[in-house]
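The lines below spell out each chain.
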Amino acid sequence: MMEFALFLGCTIPARLNQYESSSRAVLEKLGVGWVDIREFNCCGYPLRNIDFKVFLLSSARNLALAEKKNLNVMTLCKCCYGSLKKADFLMKENPSLKKEVNSTLEKEGLKYEGEIEIKHLLSVLHQEIGIEAIKGKMAATFKRLKIATHYGCHALRPSQVVGFDNAVAPSLFDQLVEVTGAESIDWPMKLECCGAPLWGVNDRLSMDLTLKKLMDGKKSGADYVCAACPYCHLQFDKVQKMILFQRDVNHPLPSILYPQLLGLSLGIDRKALGLEMNEIPIIGIEELLSKEKELVEQTESTEKIESSKD
Amino acid sequence: MFLKVSLYIFLVIFILALIYKVSTWFRYKIGIGAEAIPTSVRFFSAMKGILFTIFSVKIVTLLRVFVLDVLLQFRILREDFLRWIMHIFIYGGFMLLLLMHALDQYITMVIWKDYYSTVNPFMFLRNLFGALVIIGVIIAIYRRFILKVPRLFSNAMDMYTIILVAVIMLSGIFLEASKMVAYSDYKRMADEYSGLSDPEELKSLEAYWVKEFGTVSPNLKAPFDDKILTKGKELHESSCAGCHVQPQWAFTSYGVAKIVSPIGLGIDRVRLPRVLWYIHILACFVGLGYLPFSKMFHIFASSISLLANGVIGKEKLSPANRATLQAMELDACTHCGTCSLRCSVIMAFEEMKNLNIFPSEKIVSIKALASGKKLSPEELRPIQEGLYLCSNCYRCTVVCPVGINLQDLWFNIRETLLQKGYPEFLVLSPLSFYRGLMRGETVLKDYEKPLVQAREAIAAQCDLMKKKGQVLPLTPTDKKLQSGLNLSAQAKTFSVCFGCQTCTTVCPVVGNYEDPQEALGLLPHQIMHAAGLGLRDLAFGSNMLWDCLTCYQCQEQCPQGVHVTDVLYELKNLAVKQARGKILQSMERK
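These protein sequence lines are chains A and B, in that order. Numbering-wise, our numbering puts 282 at position 282 of the first sequence, and it's gapless, one number per residue. Numbering-wise, our numbering puts 538 at position 228 of the second sequence, and it's gapless, one number per residue.
Since the hints were derived computationally from the structure, they do not count as laboratory data. Quick caveat: nothing in here was measured; it's all calculated off a predicted structure. C-beta: ideal position from N, C-alpha, C; glycine also. Among the hints, a few may not be true.
Claimed, not checked - Residues from chain A shown here face chain B by an in silico Cβ test under 10 angstroms; the list is partial: (1) 34; (2) 86; (3) 157; (4) 160; (5) 163; (6) 190; (7) 193; (8) 194; (9) 203.
To be verified - Keeping only pairs whose Cα atoms sit at most 16 angstroms apart, straight-line, the calculated EDC-like set for lysine to aspartate or glutamate is: (10) 730(B) / 345(B); (11) 107(A) / 661(B); (12) 146(A) / 39(A); (13) 146(A) / 113(A); (14) 241(A) / 535(B); (15) 68(A) / 113(A); (16) 521(B) / 544(B); (17) 68(A) / 39(A); (18) 677(B) / 660(B); (19) 458(B) / 108(A); (20) 212(A) / 174(A); (21) 212(A) / 661(B); (22) 730(B) / 756(B); (23) 107(A) / 751(B); (24) 497(B) / 508(B); (25) 730(B) / 758(B); (26) 521(B) / 508(B); (27) 802(B) / 93(A).
To be verified - Stretch by stretch, here's where chain B covers chain A in the computed footprint (C-beta under 8 angstroms, at least three residues): (28) 39-47; (29) 57-63; (30) 139-149.
Please work from the sequences and hints to get the whole structure.
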């Protein structure tokens, strides 16, 4: 069984439990193993504005901890992903930087050689499991559901560093959305920023950008926006709620986390998916699940009856 | 007499100190809104809250927390087994000694009518409890100085606590041991309790005690005649054993007695038992009187913190109760370092060397702050920085063995410090995301102020930005700026910019404004150009730097391969460094 060091970062355990629980449930269902490393620290992303070295050391320490256990890292956050990738890239490119970082890590008996891979949840699902395998585990599919798929900047760019997908015309996330039966719509602002990096720094600008993006999704016919990053999701959920209130907008575009969407069609217990924990309600989405699930259950039970007859 | 008088003196000191300390919980003004709430309101509000809790179903939670977290300390067990053993040994042993030994007249004697300190199980248990505390203290010293638990800081208060407990315990054990070897103590017991007067019989008994129980006699020395010993044994069994078990049961003291027996006569001559008794008693009393001011006050405060936070859960506290709770929590902190061990931003310390980054040390600073101590700007600035340098991951709160809501404490005090007026550049980072979210949940006094202040402090360093519409001479070109952009070895690429403006065209932030230059100052391609020319002020002084989303659109699309976003990142780093340096300089000058 493949196994990853699960890197949750700071935001998910503190403010987005449903992302953690739904991701774990989905990974379990699909047979991906993980190890929780308690010593993990902040990836350093929030400090890049202030001190490059702090960011680099923070990311490097995490990578060193995973490497010590000989595990590849899986992040759920696109900003953590981008930061770890960046640190890994810089240390590989610049041996003297790596040496400097390692001399600090050495105090804790750690060092990073660059022998592990950094993956995002979505890349694990797409590359390690594969679309076909996921399809095989579907318990139900969505009908007439339109999703505005949001890639997230720090996964896509700078493409030279992150290598997540084609930065200009990505399709990885769309495929993962469509495997649930939903339609991943085309929308002009698909690859734009969610606005979260400026939330708390310049709220007016952040709101402008978020609202513009969400309205674009709405106009393009989306029922929900789908993210796989705690910052993007919080921006689309909790912050959107604040925007709606402040700017007197009536029609939200609710945000669903990808493992919640996938989890529903995999037939995962809705408690683990934490659907009620999103601030802008998404429970309506369950009505769009087809009845295949019941059909499958029926055929299974008839099979059981038949086999017991034998 | 000495015992009684000194006990009452120290008891009075203890009670007065206790009242004083508890009053600070209602007096210290911590955080947003606390200044406006009078002490009396806080006191009655707390009493009301306590009464409502006790007479509600929450009493069940309270009892559960009391048993699991206060008595059995499951929260420590969850974190670290060795530490749990250490703490249970020290606290369990000490509490039992306090109840059964120190307060034997009031507790043990009342429960067991035939209590004598020299019979079993009391003699054995006393030694067992003592041994537990000693083992606990040894583990404490081992953890701090040999194992060197990461980020466990030892301050004077921690040392004082370990030393005091060690003195109380060691003096007690040595006291009992010295009594075992001291001849006069044997003589006193023989005279008072044996009822023997025949010199031969007394001699046999003495020989038996010397041989078997470690008494060091000036008159008799081994080897002894078997007949004498047999006689002595008979006499011991008939006259002593009823009220005095074999001293071997007092295993810790007996071991020490064996070691010191060669100087047994000397011990008796200088009346060491008496000296040790004074040391033991005084150490206990000093510990009692000083307790409310020492780390040991956590015995009360931590229990209350666990109980209070156990029932508060996620519900919102009234501002009055929140202020009281947070003042109390400062006393509940035992400086155990669990928070610092699990803190998410520890690596920042490696570069910034600000101890206030560590949660356990933040508390130390906040204590000084709360007590109303006048702190200079040089002292306040690092506290503010440490409080803001927090990824708000709540891990400290989750792991705190005494249940302190540390995250809320940081947030609350951070916010009041930000309002006081030293610019904090960390507010211009995604660390502020949490502050933005909290905006919807609590009323922040002046939300924009710290943000504006930080931007202005940086812009104030950039004189050239103020000369709008003027032609700038290129002579003050800053070569250092050009060569300084090398932190990541990626930012140097600015020099190949040929000014095509693609970065500016694709920037979503630029696109958001009708007059972007009005709002943002220099635009991305202009900043690249300013960096190329070494025009520091222009590169640092634009709002564009702080309004950059870091979405990497510009960098991705640049036909020349300029790492635009990375250059902006580095300029931000340098601008902060320069502004911070200037502020520190001006503080020093003052």
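Here's how the hints hold up against the structure:
1. Taking 10 angstroms as the C-beta cut-off, the interface hint given for residue 34(A) is violated, the closest approach to chain B being about 19 angstroms.
2. Given the 10 angstroms rule on beta carbons, the hint for residue 86(A) holds: about 8 angstroms separates it from the nearest Cβ of chain B.
3. A least Cβ separation of about 4 angstroms between residue 157(A) and chain B falls short of the 10 angstroms threshold, and the interface hint therefore holds.
4. The beta carbon of residue 160(A) comes within 9 angstroms of a beta carbon in chain B, closer than 10 angstroms, and the hint placing it at the interface holds.
5. Below 10 angstroms, beta-carbon pairs count as interface contacts, and residue 163(A) has none with chain B, the closest being about 13 angstroms; its hint is therefore violated.
6. Interface hint status for residue 190(A): violated, as the beta-carbon distance to the closest one in chain B is roughly 13 angstroms, over 10 angstroms.
7. Taking 10 angstroms as the C-beta cut-off, the interface hint given for residue 193(A) holds, the closest approach to chain B being about 4 angstroms.
8. With 10 angstroms as the threshold, the beta carbon of residue 194(A) comes within range of chain B, its nearest partner Cβ sitting at about 9 angstroms, so the hint holds.
9. At a threshold of 10 angstroms, the smallest CB-CB gap from residue 203(A) to chain B is about 6 angstroms, leaving the interface hint in force.
10. Under the criterion of a C-alpha separation no larger than 16 angstroms, the hint pairing residue 730(B) with residue 345(B) is consistent with the structure, at around 13 angstroms.
11. Taking the CA atoms of residue 107(A) and residue 661(B), the gap is about 14 angstroms. The hint holds against a cut of 16 angstroms.
12. With a CA separation close to 40 angstroms, the supplied pair residue 146(A) and residue 39(A) exceeds the 16 angstroms bound.
13. The straight-line distance between the Cα atoms of residue 146(A) and residue 113(A) is roughly 44 angstroms, outside the 16 angstroms bound, and the hint therefore fails.
14. Using a Cα cut-off of 16 angstroms, the hinted pair residue 241(A) and residue 535(B) is violated, with the two alpha carbons roughly 96 angstroms apart.
15. For the suggested pair residue 68(A) and residue 113(A), the alpha carbons sit about 10 angstroms apart, so the restraint of at most 16 angstroms is met.
16. Between residue 521(B) and residue 544(B), the direct Cα distance comes to roughly 14 angstroms. Compliance with the 16 angstroms bound is thereby established for this hinted pair.
17. For a cut-off of 16 angstroms, the pair hint linking residue 68(A) to residue 39(A) stands: about 12 angstroms separates their Cα positions.
18. Proposed proximity of residue 677(B) and residue 660(B) is contradicted: the alpha carbons are some 25 angstroms apart, above 16 angstroms.
19. Straight-line distance between C-alpha atoms of residue 458(B) and residue 108(A) comes to about 11 angstroms, which keeps the hinted pair within the 16 angstroms bound.
20. With a CA separation close to 21 angstroms, the supplied pair residue 212(A) and residue 174(A) exceeds the 16 angstroms bound.
21. Distance check on the hinted pair: residue 212(A) and residue 661(B) sit about 39 angstroms apart at the alpha-carbon level, beyond 16 angstroms; violated.
22. At roughly 11 angstroms between alpha-carbon atoms, residue 730(B) and residue 756(B) fall within 16 angstroms of each other, so this suggested pair holds.
23. A threshold of 16 angstroms between alpha carbons decides the hint, and for residue 107(A) with residue 751(B) the separation of about 41 angstroms lies outside it, so the pair is violated.
24. Our distance criterion of 16 angstroms between C-alpha atoms is met by residue 497(B) and residue 508(B), whose separation comes to about 14 angstroms.
25. Proximity of residue 730(B) to residue 758(B) is assessed by CA-CA distance (about 13 angstroms); at most 16 angstroms being required, the pair is judged to hold.
26. For the hint pairing residue 521(B) with residue 508(B), the CA-to-CA distance comes to about 20 angstroms; that exceeds 16 angstroms, so the pair is violated.
27. Our distance criterion of 16 angstroms between C-alpha atoms is met by residue 802(B) and residue 93(A), whose separation comes to about 14 angstroms.
28. Check on the stretch 39-47 of chain A: 6 of its residues sit with their Cβ under 8 angstroms from a Cβ of chain B, so the three-residue criterion for coverage holds.
29. Only residues whose beta carbon comes within less than 8 angstroms of a beta carbon in chain B count, and the stretch 57-63 of chain A has 3; three or more means the coverage holds.
30. Counting residues of the stretch 139-149 of chain A whose beta carbon lies closer than 8 angstroms to any beta carbon of chain B gives 0, which falls short of the minimum of three for the stated coverage.
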